[in-house]
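All residue numbers in the sequence shown are consecutive under our numbering, ending with 673.
Some hints here could point you the wrong way.
[Unchecked claim] Cβ-Cβ distance ranges computed for the label pairs, FRET-style:
1. Asn341 with Ser541: 29 to 39 Å
2. Glu559 with Lys663: 52 to 62 Å
3. Tyr574 with Gly418: 47 to 57 Å
To be clear, the hints were calculated from the coordinates, so they are not data collected in a lab. Built from N, CA and C at the ideal position, the CB exists for glycine as well.
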Amino acid sequence: MHLTSIKLSNFRNIGELEMHPNPALNLIVGPNAAGKTSVLEAIFYGCTARSFRGASDDVLLRQGADVCRIELVGMIGDSNTTIEIAWGSAHKRQIKVDGVKMTRVADLFDYFHAVSFIPEDTELVFGSPSVRRKMLDLYLSQADRNYLSELLEYNRIIAQRNALLKEFTIDEENASPLEMLEVWDGQLAAFGAKIIAKRLAMITTIAERIAQYYRAVESGESLLRWSYESSAGDNAEGRETFLNKLLQSRRRDFYFGSTSVGPHRDDLLIVLNDRPTRDYASQGEAKSATLAIKFAIFDYLSDRLHEPPLLLLDELSSDLDYTRLAALTKLLPRLGQVFLTTTKPAELLQGASI
Numbered sequence: 320m321h322l323t324s325i326k327l328s329n330f331r332n333i334g335e336l337e338m339h340p341n342p343a344l345n346l347i348v349g350p351n352a353a354g355k356t357s358v359l360e361a362i363f364y365g366c367t368a369r370s371f372r373g374a375s376d377d378v379l380l381r382q383g384a385d386v387c388r389i390e391l392v393g394m395i396g397d398s399n400t401t402i403e404i405a406w407g408s409a410h411k412r413q414i415k416v417d418g419v420k421m422t423r424v425a426d427l428f429d430y431f432h433a434v435s436f437i438p439e440d441t442e443l444v445f446g447s448p449s450v451r452r453k454m455l456d457l458y459l460s461q462a463d464r465n466y467l468s469e470l471l472e473y474n475r476i477i478a479q480r481n482a483l484l485k486e487f488t489i490d491e492e493n494a495s496p497l498e499m500l501e502v503w504d505g506q507l508a509a510f511g512a513k514i515i516a517k518r519l520a521m522i523t524t525i526a527e528r529i530a531q532y533y534r535a536v537e538s539g540e541s542l543l544r545w546s547y548e549s550s551a552g553d554n555a556e557g558r559e560t561f562l563n564k565l566l567q568s569r570r571r572d573f574y575f576g577s578t579s580v581g582p583h584r585d586d587l588l589i590v591l592n593d594r595p596t597r598d599y600a601s602q603g604e605a606k607s608a609t610l611a612i613k614f615a616i617f618d619y620l621s622d623r624l625h626e627p628p629l630l631l632l633d634e635l636s637s638d639l640d641y642t643r644l645a646a647l648t649k650l651l652p653r654l655g656q657v658f659l660t661t662t663k664p665a666e667l668l669q670g671a672s673i
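Using the sequences and the accompanying hints, generate a full structural model.
Structure, rendered in C-alpha cells:
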C-alpha cells in the first residue's frame, strides 16, 4: 500500500497542506516547530483515528479553527482508496471511506495501516507497563480485526466486574454477588485467554527479528530479547488457567475493588544482554531497541497484510551517532513507503544507500 495524495486542513499548526508523496522515500525537512511531526501524526490519524502522541481531537484542531480535515488517497493492492476524517469544536467526528460513512472506528483498520516512530517512543523501554500494552494492542488490532473486538469486549467485562467488586464485599450469606461474579469471570477468562494467546504469538513470531534489527543498528553482538510477563501466571492463554487465577485472587480483588490479574495488568520485559533495558539502557541503546521493535512489527504487519504498511519516522538523527544512523538508513530502501522527518538532511543522508 502507498499514499498518492495527502490533504490536511487545520491540523495542529498546519493551516492547509497538500502533497503527493513518492511511493518510496519521502524526506520532510524543516526547522523545529515547523509542523513536520504533525504531518506524520495526521497520516497516522488517517490510518487509525488516533494520535501517536495520545492527543485528544480538541488538541489536534488548530487553534481558532472550526473544522479539522484529513484526506488520504492511495493504493491498497490494486484498489484506489480515499479516507476522509473531519471533526470540529461543534462537529462530531465523521469518517468516510470512498464517500461512505463509517459507523465504527474499528472499520478503519480494514484500509491503510501504519507503523510510527517518534523520539518519545523510548518510553517503550523506560515507561510504565501500560505504554507497552498499548503498543501491542494498537499493532495487533491492525493485524487482526477480531483482536480489536475481543479487546473491547474484555474491557467492557472488566468495567462490569470492577463495578461489582466496588459495590459488594465477600459475604457468604449473600450469594447473589458471587453468582454474578462467576458469570463475569467465565466471560473474562474466555476473552482474556484469547488476548494473551495472540499477544504471545506475536511476541514469539518477531522475537528473532527484533534481535536481528538491533544487531544491524548497533553493529555488534549485543542480544536484545523481549518476553511476555502475564499477571495470570504461566499458560495464562488457557481459559481454565486464567479462571483459576481469578478465583485465587477473588478475596484480594474484593478488598481493593479492582481486578488484579489479566492482560490489562501484563507487561513486556525487554532485556539487553540479560539486563533489563529500563534500568540499564543508555538513550542511544533505548532508541536502537525501540527502532528494532518497530521495524520487527513492520515486518509482522507486512506478513499478515501481504503488503507493507506505511512507515513514519520522526527525527531519526537525534540521540543516534553516525554509525547507528548509517546502519538505519541502509534499511530504508526495502521498507515500502517511508515518511521521514529531519532538521539535518545532510547528516541523515551522509553515507546512506538510498
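Here's how the hints hold up against the structure:
1. Asn341 with Ser541: 29 to 39 Å: holds (34 Å)
2. Glu559 with Lys663: 52 to 62 Å: holds (56 Å)
3. Tyr574 with Gly418: 47 to 57 Å: Roughly 54 Å apart at Cβ, these two residues keep to the hinted range, so it holds.
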